[in-house]
Structures are given as C-alpha cells and as structure tokens.
Amino acid sequence: MHDTRTNPTADQIATHLRAANAVAAQALAAGHHPFGAVLVAADHATVLLRQGNVDAVNHAEAVLAREAARLYTPEVLWGCTLYTTVEPCAMCAGTQYWAHIGRVVYGMSEARLLAMTGNHAENPTLDLPCRDLFARGQKAVDVIGPVAAVETEIAALHQDFWRRSRGAAHPGDSP
1 MHDTRTNPTA DQIATHLRAA NAVAAQALAA GHHPFGAVLV AADHATVLLR
51 QGNVDAVNHA EAVLAREAAR LYTPEVLWGC TLYTTVEPCA MCAGTQYWAH
101 IGRVVYGMSE ARLLAMTGNH AENPTLDLPC RDLFARGQKA VDVIGPVAAV
151 ETEIAALHQD FWRRSRGAAH PGDSP
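All residue numbers for the sequence shown refer to UniProt numbering, where the first residue is 1 and numbers rise by one.
Hints were generated in silico from the structure; no laboratory data involved. The C-beta atom is built at its ideal place from N, Cα and C for all residues, glycine as well. Errors might be hidden in some of the hints.
Pair ranges (Cβ atoms, derived) [stated by the list, open to error]:
| # | residue 1 | residue 2 | range |
| --- | --- | --- | --- |
| 1 | Leu126 | Gly31 | 20 to 26 Å |
| 2 | Ala149 | Gln26 | 32 to 38 Å |
| 3 | Asp43 | Gln138 | 24 to 30 Å |
25 Å max Cα-Cα, derived DMTMM-like pairs, lysine to aspartate or glutamate [claimed, not checked]:
| # | residue 1 | residue 2 |
| --- | --- | --- |
| 4 | Lys139 | Glu67 |
| 5 | Lys139 | Glu153 |
| 6 | Lys139 | Asp55 |
| 7 | Lys139 | Glu75 |
| 8 | Lys139 | Asp3 |
Please put together the full structure from these sequences, using the hints given.
Printed below as a string of structure tokens:
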C-alpha cells in the first residue's frame, strides 16, 4: 500500500497545538487535569474532533481515538493527525495505533511532564516514549514532537496546575 500522507506546515502544527492547549484549559476549568487533543483531517485544516482529559483511564487522546475509530474508517484515519498537548502515554499511543491514526504531534514530552510532576500521586508517569511504542508495531505511525514553538505555552498550564495540586487531591483524575 502506497503511503499518501502529506506533512503539516510549521504554522499548521502551531495552530493545532494551540487549539489542543485551549481544550486542555477547558478541561482544567471543568476540574480535570489540563490535557487536550484535537484530531485534524488529512487536509491539515479541518478539525474533526476535540477532547479534554476526563479521568485516570479516559485520557484525552484515548477517548478521542476511540471516538474517531467509531466515526471514521481506518483509511480516513490514516491520513489524520492527532495533536496533543503532551506526548501520549503508552495507553493513549496504543489506542491511537489500534484506531489507525497515522500521525501524532505533541507539544511537550512526557519526560518534561515527569520533571514537573515528580513523584506526584496523580501522575504516575510511565517512562515509555510513544516513538518506542510505535516502533514495536507493524505500521509507520509518524511522530512529531516536542514542538519548541508552543512547548513553553503548554508547560505553563501544567506548571501552574501541578504546583497548585500538590496540596489538593483530585481522586481518580490523572493524565
């Protein structure tokens, strides 16, 4: 099968990561951890889905990927890009893989998030970069990230949240 995916421009990447960060801010305002994701069609312009973090097992990317798989064919999804504020964890990357979404773009690495959260009970980060997970699969999922142009904006939302949440628990809600 010939791969017909095209690459997004730097401006498209920054625009969609900022949109994902706006979704993360909405999740935060709703009392959830500040993670957000958007699914963009193969034209690199049309936003198909938006999703904020829900709870410990319903991360933004996994919920979005499951809904995308319900709504769209694997052929359509292979041309799509999942934009997410923070590098997908193993659960989210695996869900994206099985949904057949052909690319992920993330603003901030999981390693940087872990450096911010440390040993936070609400963020038991797995040290497994999504590139490593995808490399074990049988399809060439494209990975772009971290993206320096928006990383500081995304990190700011997390730094404030994790600093404040050290004293206030949010049971069951994690990235």
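Here is what the structure says about each hint:
Checked against the hint of 20 to 26 Å, the pair Leu126 and Gly31 passes, with Cβ atoms roughly 24 Å apart. Restraint check, Ala149 to Gln26: a C-beta distance of roughly 22 Å breaks the suggested window 32 to 38 Å. For the hinted restraint 24 to 30 Å between Asp43 and Gln138, the CB-CB distance of approximately 27 Å keeps it satisfied. Straight-line distance between C-alpha atoms of Lys139 and Glu67 comes to about 20 Å, which keeps the hinted pair within the 25 Å bound.
In summary, the hint linking Lys139 to Glu153 is not supported, as the alpha carbons are separated by about 32 Å, beyond the 25 Å threshold. Pair hint Lys139 plus Asp55 does not hold up; C-alpha atoms about 29 Å apart against a cutoff of 25 Å. Annotation: proposed proximity of Lys139 to Glu75 holds, straight-line Cα distance about 13 Å (limit 25 Å). For the hint linking Lys139 to Asp3, the alpha-carbon distance of about 11 Å falls within 25 Å, and the restraint holds.
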